[in-house]
Amino acid sequence: MLSDAEYMDRALAMAARARGCTTPNPLVGAVVVTGEGVVAGAGYHARAGEPHAEVHALRAAGPAARGATLYCTLEPCSHAGLTPPCVDAIVEAGISRVVMAAQDPNPRVAGGGARRLRERGVQVDAGVSRDEAVRLNQAFFCAMRRQRPFVIAKVATSLDGRVASAPGTRTHMTGAAADRRNQLLRAEVDAVGIGSGTVLADDPLLTVRDVYRRRPLARVVFDRRLRTAASARLFTTLSSGPVLIVTTAVMADALTSQARDLERAGATLVRVQTAGIAAAIAALLPFGIQSLLVEGGPTLHESAWVAGVVDAVRVLVTPRVLGPAGLPWMASSRLSLPSLCNLRVEPCGPDVIIEGDVYRPD
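In the working numbering, the protein residues as written are 106 to 467.
Derived by calculation from the structure, the hints in this document are not laboratory data.
Hints are not guaranteed to be accurate.
Stated by the list, open to error - For each label pair, taking beta carbons as the anchor points, the in silico distance ranges come out as:
1. Ala118 <-> Thr361: 49 to 57 Å
2. Asp308 <-> Pro189: 27 to 35 Å
3. Ala281 <-> Gly140: 44 to 52 Å
4. Arg152 <-> Val411: 33 to 41 Å
5. Arg220 <-> Val426: 53 to 61 Å
6. Gly413 <-> Arg449: 16 to 24 Å
7. Gly167 <-> Glu451: 39 to 47 Å
In this text, a Cβ means the ideal position worked out from N, Cα and C, and glycines have one as well.
Model the full assembly from the supplied sequences, consistent with the hints where possible.
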């Protein structure tokens, strides 16, 4: 027989199949193992509103679930939402033991699922591969515990730490392989965010290209002064997902003409009552955004870093040198890439990708 951790690895692999598809729900995988160590059923939660991972695994196992062990990457739910409570299905199937990786941070569950299972005679063991399970659901945990989206700061820099050949100049930095990796990341997050300066300099589309994305991708522009033009190319791609312009309520009221033009172009104006990037990012949560890929520019990255709302970093370093005239990335910040948790460095075509988490799973 395999160890609990090895069976949990299978459940984690199942959960990862639904990356980018389950918001506002977490990624969850489950595996049913008989007393002889045979995997009788496995499943994962594919998208909100559909059966949870435990239900899929139990259905696949059928009668073999009686007396078996259920491995689940997150605590089974104990409340009725769009689907019935999973704890009821587990008990009815005759599962004798549940091994869960992490407790659900959702206050509606948060230990309630494990408690109800124990009250009904099911042995519950928790904490197996917990860090891996939390890392898989960083966005969900961040939304529940910090009441804001999980923020990934992504940037492409030259060898000398520049992001453009000059301020306000569009400069494509990375090769084809790194570009595809960026598209894969866009396919997994709920939204891509940029500052108004990036809109003015690059006029980007911010769509997902060359890879498949099942859900619409929200595009977010942090634009306190409403500098985004109603003619921006973003508004030609509304079929790919909504465009949210985040500004302050005071500025939206003061610049009614600009606000009206943007809304006519198809923008959703997000009026934040409190100034600052932290409040602006938190205001995205009600729009179904739990993960935000912030692609630029340096001013937005700097503000987010100083405000303490950056959770992960991805830096693509190109072999180019732009020189002292180039625009530096976060010149005044204290970000130290070697200090990141779970630091990963790998070549990608002619470029190098450096990525890591700002803090360890909590």
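Taking the hints in turn, this is what the structure says about them:
Between Ala118 and Thr361 the Cβ separation comes to about 52 Å, which falls inside the hinted range of 49 to 57 Å. Between Asp308 and Pro189 the beta carbon distance is about 48 Å. The supplied range of 27 to 35 Å is therefore violated. A hinted range of 44 to 52 Å for the beta carbons of Ala281 and Gly140 is consistent with their spacing of about 51 Å. Remark: the range hint 33 to 41 Å for Arg152 to Val411 is upheld by a beta-carbon distance near 36 Å.
In this structure, Arg220 and Val426 meet the distance hint of 53 to 61 Å, their C-beta atoms being roughly 59 Å apart. Distance hint for Gly413 and Arg449: a CB-CB separation of about 22 Å, consistent with the stated range 16 to 24 Å. Separated by about 42 Å at the C-beta atoms, Gly167 and Glu451 satisfy the suggested range of 39 to 47 Å.
Violated hint: 2 only; the structure is consistent with all others.
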